[in-house]
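Those protein sequences? They're chains A and B, same order as listed.
Counting in our numbering, the first sequence runs from 7 upward without gaps.
Counting in our numbering, the second sequence runs from 6 upward without gaps.
Just so you know, the hints here were simulated from the structure itself, not pulled from any lab data.
Ideal Cβ placement from N, Cα and C applies to all residues, glycine included.
Some hints could be false.
What the hints assert, rightly or not - If you anchor each label on the Cβ, the simulated ranges turn out as follows:
no. : chain 1 : residue 1 : chain 2 : residue 2 : range
1   : B       : I286      : A       : D123      : 14 to 22 Å
2   : B       : P107      : A       : S267      : 20 to 28 Å
3   : A       : G189      : B       : E274      : 37 to 45 Å
Claimed, not checked - Just so you have them, the derived chain A footprint on chain B, three or more residues with Cβ under 8 Å:
no. : stretch
4   : 98 to 111
5   : 123 to 130
6   : 242 to 249
7   : 285 to 296
Spelled out from the first residue to the last, the chains are:
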Amino acid sequence: MTTTLALQLAIAGISVGSIYALVALAIVIPFKSSGVLNFGQGEIVTLGAYLALILTQLALPYPIVLISIVILGGLGGVVIERLLIRPIVKAPEFTLVIATFAIGVVIKSSLSVQFGDSPNSIDGPFGSTPIMAFGLNINPTSAWILTCTLLVSTAVVLFFSRTRLGRAMRAVSVNTEAARLMGIRVETVYRWSWAISTAIGALAGLLVAPLIGINPEVGQLILRGLLGAVIGGFTSIPGAIIGGLSVGLIETYSGVLIGSSFKNLVPFLLLMVLLVFRPQGLFGTGEFKRV
Amino acid sequence: MFETRLNSVLFLSVVALALTASALGSYPVYLMSLAGINIIAAIGLNLLTGNSGQISLCHSSFMAIGAYSSSLLTARYGLPFWLAIPLGSFLATLVGALLGAPASRLRGIYLALATLGFLQIVQIVIEEFADVTGGVRGLNVPKATFAGMYVSEYVRFLLVLASTGFAIWSATNLLSSRVGRELNAVRLSPHAAQALGVPVDRIRLTAFALSAAYAGLAGGLMAIVVGFIDPGEFGVSAALRQITFIVVGGMGTVAGSVIGAAVLSAMPELLRPVKEYNDIIYTLILLGFLTFMPRGLVTLWDSFRIQIARATSTKEART
């Protein structure tokens, strides 16, 4: 493998990986605060992609499309949290897993009834002519995705370390009851964690649409996002980002090194191995227990 | 005890079905065969999830293993179906034990993730080994023959019916045995069970293997009843459908599996006019039961039974 090829692959890997990183981030944030793993997060991404399609067809300029998707995504999260998650947040884990899964199926089937299964697509904001730099081809959409991922990750990290609400979220994730006794409104924290998570998910849908198209199966991304979250240790924000990027890199390199027919197996085999031998991930701090 | 009585009621109605089915046309017989297959799969999943308390998002994969291995044994090695189906079920059991070994150490969402990963692995293997399995285009299952003659639709239905009866009988006995009590103990309090000398991890593994055995049997039967299998039949939505069976029927009871699978197997027919909304309605039913009736339809039987008891003897009802 030449250096140029290796670098080219690294770029490809990082660009898909940054989408996985966003999905992983969207999975980890509500899990950290409320202990609910949203198995329907993939469908939030799909929803974001379809919103992008609708808004683009209305001939709105890209910045407005982007802002509307983030806001609508966040509102969607607030609605889901209030109507579906809060009534069962204390239910056994089985109920939560199946319920979030079911929410995803409802979104996916509704989209498939409404829009059919045929693929649609939108253009990236900067066209698709590759940029040549240092003898490497860089897809402008990929560069844009990476930029957004870096901005979002920085914003999330700053949010959790600097703002009052972010600190309240961390307090709730450490000890819900103690946080409540300290005057933190736990319900507000849950609501915001869902809003942030679904806003990021919907944004991921907008970003990924030019690369992989828009169809009801976009939500399959969640499997890679989950793997990213597992690698990152489920409760670590930087871990989720690094985890997502590594999944992209692993997938891209394994495609070249061991052939395309088995490349899809690699992430899942890795998932099984990690879950068995290191369920706390590579960045996590011990197993997360919901008591 | 009442549980057992409900099971015998169900068992008798299954036998009654067999007798009436001969008078029905080919299509209802086909549908009832599918219902029987769903019941067998649900019984397996319920042992794992309802009794031992382990989430599984890959029950449909064990059905796939049973279906594909029995079909391939028939197609490639000319094994008769009555040998291939039990072998397929046995293979599913082995794989179930293999998955159960690591999975029995995982809890909650980690187990959900591992089983979801396993489902994906099975799907990818079926799709990528297309020259053996037919890949995404599916596999035509050789017609079941016995003594050189094709087995008719009605006989295949009787076979499913006998298998369903066997599944109900074996699971009921299993649950009233030592293993059954250990399964429930492991769900209710793993620590207490451990302290009382129940080998928790081994019981969890046993639950995986047992549930895979039922799923493998259901898969093998499905292959000969439908005559065609493809990986789409055994994906995440199939796994979720099986979970819906046990949630709607009632977790942890054989009667729950039977009622849930039987009621919901009729659904696609009732919903034929609104076919495209099938998945949504199915999932909303699942969500509704999870939220408002988490113990399932069998609770209706319980309240019915209590009312009967009240009516017959007020004295007994008070105690």
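Results of checking the hints against the structure:
no., hint, result
1, I286/B <-> D123/A: 14 to 22 Å, "19 Å, holds"
2, P107/B <-> S267/A: 20 to 28 Å, "25 Å, holds"
3, G189/A <-> E274/B: 37 to 45 Å, "56 Å, violated"
4, 98 to 111, "holds (count 3)"
5, 123 to 130, "holds (count 5)"
6, 242 to 249, "holds (count 3)"
7, 285 to 296, "holds (count 7)"
Violated hint for the displayed structure: number 3, the only one.
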